[in-house]
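Enquirer: Here's the letter readout for the chains.
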Amino acid sequence: MTTVGTPKPSLHLAGTVLAMRDGKNSVVPETSKNLDPWTKCLIEFKHSQDAEKFAELFAHFAPRVKAFLMKSGASATLAEETTQEALATVWQKAEMFDPARASASTWIFTIVRNKQIDAIRKQRRPEPEDLPWGSEAPPSSEEILVVSDEQANLRRCLDELPDSQRQMIEQAYFGDLSHYEIAELTGLPLGTIKSRIRLGLERLRYELKKN
Amino acid sequence: MEELSLKHHLPDAILTAYAGGTLPEAFSLVVATHVSLCDECRAALASLDAVGGALLEDIPKADVDENALAATMARIMAAPPQPPRTFRTQAASIFPAPLAEYVKGGPEKVRWRGVGAGVKQAILPCAGDATARLLYIPAGAAMPDHSHRGLELTMVLQGAFSDEVDRFARGDVEVGTEDLSHTPVAEAGEDCICLAATDAPLKFKRLLPRLAQPFFGI
Ligand SMILES: [Zn+2]
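Taken in order, these protein sequences are the chains called A and B.
Numbering-wise (my numbering), the first sequence opens with residue 1 and increments by one.
Numbering-wise (my numbering), the second sequence opens with residue 1001 and increments by one.
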């Protein structure tokens, strides 16, 4: 068991300095022009707990989260409620965001999906054991950039898919298909993302074994 | 960390349904338990989560309430202080953390019920249409010969079994569909413990196991 203290939410405006609280956290890659702006924003918020940064994240993600929930069948009222809950969780769990593992949109998607199972489908969601990512060896700027690039690449490919294929994927994620109806997701560069993450896992296992 | 050379992984469609949040709880339990032991499927799942992220990024925006940000801030301020972050890693028993949460411990906490011929089982409470259960098959014993109406995922936690398809050892998942009729036999040596999820009753072929079916409660 590893425990890391979570800072309490605070509303004072701490400025936009990227505090490296324990010297181990990853920093925003300064040189990058390509880093996804929302991943950058979430990394900055993670380190500063700055309410203005959070407001930026909120303005970008809340309308999308609500749309996502409504497309998945929630009423406007329930979607509003669940959106607020999900964004509150973004604040509370920002400490756990690891940009070497997921972009901001992917990380927020997983929070929304879990809220949805909980609030709308009223089921438990068993989650795999955690891996202490990032706490053993902080991700390098390069790793963060690779994830960001691949997410952008994935989005482009998704946009370029023929309608029928894209529709199938949307249906799988908006809850319109059962596991019997889902076919393999073709035409997306999932192999690249998968092998990147697989490499990261190997590195992590190696680090854990050393200690 | 435990290192396994897994041979039998989760099908892509099951991982996609788990990523999309539509998989029934019983199957999700098998996914979470397998992924806890399998980096290959953990990485596959991360790539499927990224698809969800791309869809979220691309969706046309909906209007949120005018005071939504203020309401969210109020929620954050009103929330009790977050407990220190705890990683749920490496359960000490043969049950990975997600399964240990259902059983509230390791194999010693399971309330087994005999179902004949030394085979024991325990149903795990899950919402939805699919059922999850733990199976205990003594070394060398056979499970009743059966086929499936729906889908069955069987993951080995201890020991190993073989059937008409292949050999399955710790971490491996066998996917049973309508076409599969099989007689799993536990290997000699260690007793075999499996986690199984089904969304339809199994069909047993022989008279005796059919009589036994009500005891399985599936
Ligand atoms: Zn696997």
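Be a bit skeptical, because a hint or two may be false.
What the hints assert, rightly or not - Just a sample of chain A residues kept apart from chain B, beta carbon distances all over 12 angstroms, derived:
(1) 34
(2) 40
(3) 44
(4) 48
(5) 110
(6) 164
Claimed, not checked - Covered by chain B, according to a simulated footprint, are these stretches of chain A (three or more residues, beta-carbon under 8 angstroms):
(7) 60-74
(8) 78-84
(9) 123-130
(10) 198-208
For the record, the hints were derived by calculation from the structure and aren't laboratory data.
This one's a predicted model, so the numbers in the text were calculated from it and none came from an experiment.
Cβ coordinates follow ideal geometry from the N, Cα and C atoms, glycine included.
Enquirer: Does each hint fit the structure? Answer for all of them.
Expert: These are the hints, each one checked on the structure:
1. 34: 15 angstroms, holds
2. 40: 14 angstroms, holds
3. 44: 18 angstroms, holds
4. 48: 15 angstroms, holds
5. 110: The claim breaks: residue 110 (chain A) does not keep its Cβ more than 12 angstroms from every Cβ of chain B (closest is about 6 angstroms).
6. 164: 16 angstroms, holds
7. 60-74: holds (count 10)
8. 78-84: Satisfied; 4 residues make the cut.
9. 123-130: holds (count 8)
10. 198-208: holds (count 5)
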